[in-house]
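As they're listed, the protein sequences go chains A and B.
Converting from the first sequence to the numbering used here requires adding 6 to each position, the first position being numbered 1.
Converting from the second sequence to the numbering used here requires adding 31 to each position, the first position being numbered 1.
No lab work stands behind these hints, which were simulated from the structure alone.
By construction, the Cβ of each residue, glycine as well, lies at the ideal position given by its N, Cα and C atoms.
Take the hints with a grain of salt, since some may be wrong.
[Unchecked claim] Below 25 Å or equal to it, Euclidean Cα-Cα: the simulated DSS-like pairs (lysine-lysine) are: (1) B:309 x B:92; (2) B:387 x B:309; (3) A:278 x A:288; (4) A:241 x B:346; (5) B:387 x A:241; (6) B:346 x A:92; (7) A:267 x B:227; (8) B:309 x A:242; (9) B:227 x B:354; (10) A:22 x B:255; (11) B:450 x A:288; (12) B:309 x A:278; (13) B:309 x A:241; (14) A:84 x B:346.
[To be verified] If you want the footprint, here are the derived chain A segments under chain B, 3+ residues with CB under 8 Å: (15) 183-195; (16) 242-248.
[Said to hold, decoys possible] On the chain B side, residues computed to face chain A include the following (Cβ under 10 Å): (17) 71; (18) 79; (19) 83; (20) 86; (21) 179; (22) 242; (23) 269; (24) 443; (25) 448.
This is what each chain is made of:
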Amino acid sequence: MEHRFESVEAVREGLKSVNYLADDAIAGTAFLADRLQKPILVEGPAGTGKTQLAQSVAEMTGARLIRLQCYEGLDESKALYEWNYKKQLLRIQSEGDETNWEDIQDDIFSNEFLLERPLLEAIRSEDPVVLLIDEVDRVEVETEALLLELLSEYQVSIPELGTLKANQIPMVFLTSNNTRELSEALKRRCLFLHLDYPEMEREKEIVLTKVPDITVNLADQIARIVRSIRQLELKKAPSVSETIDWARTLILLGIEQISEKDATDTANILLKYRSDIEKVVKEFSSNTKAHFEAPAS
Amino acid sequence: MTDLAESNGSTPEPAVSALFELLEGFVMDLRAAGLPVSLSENIDAASAVRHIPLEDRSAFKYALAATLVKNQAHWRTFETLFEVYFSLRGSEYALDGDGNDPFGDADLDDENQPPGEGGEGQGGGEGLTPEELAEMLFQALMKGDDPLVRAISKQAVKRYAGMEPGRPVGGTYYLYRTLRNLDLDGLLERLMEQAKENADGGLSPLEERLERDEFDDRIEKLKKEIEAEIRRRLVADRGAEAMAKTLRKPLPEDVDFMHASREEMANLRRAIYPLTRKLAVRLARKRRHGRKGPLDFRNTVRHSLSYGGVPAELKFRYPRPSKPEIIVIADISGSVAAFARFTLHLVYAISGQFSKVRAFVFIDGLDEVTHLFEGCDDIAEAVHRVNTEADVVWVDGHSDYGHAFEVFWDKYGHEVNSKSTVLVLGDARNNYHAAQAWIMKEIEQKSRKLFWLNPEPKAYWNTGDSIVGEYGVHCDGVFEVRNLRQLEKFVDNLA
Chain A
7 MEHRFESVEA
17 VREGLKSVNY
27 LADDAIAGTA
37 FLADRLQKPI
47 LVEGPAGTGK
57 TQLAQSVAEM
67 TGARLIRLQC
77 YEGLDESKAL
87 YEWNYKKQLL
97 RIQSEGDETN
107 WEDIQDDIFS
117 NEFLLERPLL
127 EAIRSEDPVV
137 LLIDEVDRVE
147 VETEALLLEL
157 LSEYQVSIPE
167 LGTLKANQIP
177 MVFLTSNNTR
187 ELSEALKRRC
197 LFLHLDYPEM
207 EREKEIVLTK
217 VPDITVNLAD
227 QIARIVRSIR
237 QLELKKAPSV
247 SETIDWARTL
257 ILLGIEQISE
267 KDATDTANIL
277 LKYRSDIEKV
287 VKEFSSNTKA
297 HFEAPAS
Chain B
32 MTDLAESNGS
42 TPEPAVSALF
52 ELLEGFVMDL
62 RAAGLPVSLS
72 ENIDAASAVR
82 HIPLEDRSAF
92 KYALAATLVK
102 NQAHWRTFET
112 LFEVYFSLRG
122 SEYALDGDGN
132 DPFGDADLDD
142 ENQPPGEGGE
152 GQGGGEGLTP
162 EELAEMLFQA
172 LMKGDDPLVR
182 AISKQAVKRY
192 AGMEPGRPVG
202 GTYYLYRTLR
212 NLDLDGLLER
222 LMEQAKENAD
232 GGLSPLEERL
242 ERDEFDDRIE
252 KLKKEIEAEI
262 RRRLVADRGA
272 EAMAKTLRKP
282 LPEDVDFMHA
292 SREEMANLRR
302 AIYPLTRKLA
312 VRLARKRRHG
322 RKGPLDFRNT
332 VRHSLSYGGV
342 PAELKFRYPR
352 PSKPEIIVIA
362 DISGSVAAFA
372 RFTLHLVYAI
382 SGQFSKVRAF
392 VFIDGLDEVT
402 HLFEGCDDIA
412 EAVHRVNTEA
422 DVVWVDGHSD
432 YGHAFEVFWD
442 KYGHEVNSKS
452 TVLVLGDARN
462 NYHAAQAWIM
472 KEIEQKSRKL
482 FWLNPEPKAY
492 WNTGDSIVGE
502 YGVHCDGVFE
512 VRNLRQLEKF
522 VDNLA
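When you get a sec, could you build the whole thing from the sequences and use the hints?
Shown next as C-alpha cells:
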C-alpha cells in the first residue's frame, strides 16, 4: 500500500497549499492516520474547522470527498446500502411462469439491485476517496455499531452478497461536537484529535489566509480581541468561522483600527447570545478587570 | 512490549526496546491515573511511534496522544505524565551536581535542547544579582522573548526554589518559593505602566484590556516554564515512576466538591457547561425513545401504499410523556456551598427537561430563590446572586435542618404534589438541633419522589452531628454525590 504522505512536514505543507493551517497535532495525526490506516475522530467546539479539515485533506490529495451527515434516526438503509425493492418487484413481475425461483432469487440480490449509500460507496470506489462521517455524536449509541466493521476492517458484510472488501483504503474522518460520550468501541478504533480554538498567533495566520485584503495590523488586533473574549465565561465563545466573518465585516466597513465602539457595534457577528454581547460590551468599555487603580493619564 | 517489537518483524535494537519499556511504564501510569487505555490502544501507540522520527519530540507526543487519549478532559493528565516520562533529563538537572542521573542509560535523555539555550542557558545567568535578573525578566516579558524567558525561569528555579536532593517536599512548595521571589503581580503592574508609556497618547480601555491579556498570557507561560523546570529536576532526582505517583491528580469529574482547590473549582466550572449540554441531549433522547406513542393511522396508511395497500409497516406517534416538576432544597452553608452551587447550576441548565423547577436555599432560615433564575440568561450569574441575596440566616448562621424544613413545610408544603420530585442537598450536619424528621415523612408521602444528595463520603454519614440516617429512612433514596461523575449519574436517572 502506497502512503499518501511523505512526512509530517509534507502534510503541513500540503494543507497549507489548500489554505488550511495545520498545527503539530493536526498534521501529526493526519500523517499517522495514513500510516496506520486508521480513521480520525475529530472532536471539538463548533466552528473550529473539523469538517473543513476533511475537505482540505480531500482537496490536497486530489481525492473525492464522500460525506455522510449523521442525524438522529440514521439507519443502515441510509448509511450503508439498501435493496431497491421496487425494482426487484418489477423484475419478479416481468418474469413468466417458466423461470425457476432460484434464478430469480440470485438475480434480484445482485449488484444491479443494490443501492449504494455513502459508506458502501466509499469502500467500493475505484479512485481515491476521503470519507467524512459528520457529527457522529448525533446518532444513537446502537447505530454506531453500523460503523464498526467499516472502520476497523474496511469492509461491509451484506448477508445476500457476502463481504465486500474495500478496493482502496479511504482516509476516514469522523467529527463530533461532543454532545454525548461516544462508545468505547468506536473510540478504540480511531485516532483521536481534539480541535480547540487556535492559539492567537495561529488564528491571526488563519485570518490572514482566509481574508485576502486584510492588513497584518488589523488581523493581529482581531486575534487579540477574540482571545480576550474567549477568556470570559460565555454561553458560546466565538468560533474561528465567526472570527473570519467578523474580519470580513470590518473590511467591508472600511475599518482599519478597531476602536471600542467598532468592537461593540459589530459584536453581534462574533456572539450569538444577547447575554454574551452584554457581558462583552460591559467588560470592554469599563475595564473592570483592572487589579489596581490606573494612574490618571 | 519487546515482544511486540519482534512481532512487527524486526529485531529490536537496544534503544528501541528501552523506549518500549519506557512506554509500557507510561501506559501503566496513565491507567493508574484513571485513563481507560485498552490493550489495542497500547499496541497502536507502539506501532505509531515506529512511524515517527523519534528526535521530533512534538510529533512523538501527538502520536501518543492520538492513540492513547480519547477524551479531552484527560489531556492535562496525559501532558503532565508525558513531561515526567519523556522530558529532558540530562545530568545537568541532577540536584546533587555530580551528574548521577538514574536514567542515564536510556537513550531519550538528550533529545532536542530547547532553542535559544545556547546564549543564556545554564551558566549564563549565574553572575547576575537578583535585581539584574528581575530586570532581565521584565525586558523579556515586555518583548515576548520566549527563549529568554525559558532561560530565566531555569535560573530562577535554580536560585530561589532551594531544591535539595531527596527532600520529601512536593513540587508546589518549590513553585511557591520561586514565584514569591519573582513577584509576578508587581511585574504585571510594571509591564502595564511601561506599555502605557510606550503608547503615544495613552491607551483606550480596550487597548489596555488587550495589553493586559497579552501580558497575562506571557506570565502564564512563564509560570508553566517554571513548573516544568521544577518537574524536570524532581524527575532527575527521584525517577519517573516515583514522580508520576506524586503528581497524580484526580480527573476533573472525580474532584471532590468539598475539598476542591481554587484551580480545581475553575476547572469544574468549565466542565459543567459541556456536561449540561450532554445531559440535556441525552434526557431529551431518552424521553423520545424506549417507549412508543399511540398508533399514527394516517402515517400507517400512507406507508402502506408502497406495499400495495397492505399496512405492513406500522407507524406510531411520538410519545409525549409528562415531565417531572423539580423542587430543590439546598443547604448553602460554608462547607457544602460549592456542592449546592453545582447542583443548582446543573438542574437549571437542563430545566428544559422538567416542567418546572423551584429552588429553595437555607442555612438555618429558608428562602425561595426561583425568581433569581427566572428570566435570567446567565445561570452562573444567578447562582452567584443566590449566595449574596438569599435571606437564609435565622439565628446564628449555623445549619439548622429542622427549622429550615419547618419553614418550608409551613409556607410551601401545600405546593408539593404527586408530580413533584423533591431533592434535598446537604450533609445533614444539624449542629445538634431538633431533627424534625417527620417533615421528610410528610413530603415523601405527598411527592412523587424524595431524594437526598449528600456530598460527604459515605463513611462519615451519621458520625458526629450528621443525622442523614434519621432523614434518610423517609427518603426514596439517599445518594453520595461527591463529584461531577456522581452528580451526572444521578441527574441522568432523574428524568
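Exercise. Any hints from earlier that this structure breaks? Give me their numbers in increasing order, please.
Key: Per hint list: 1, 4, 9, 10, 11, 16, 20, 21, 23, 24 and 25 violated.
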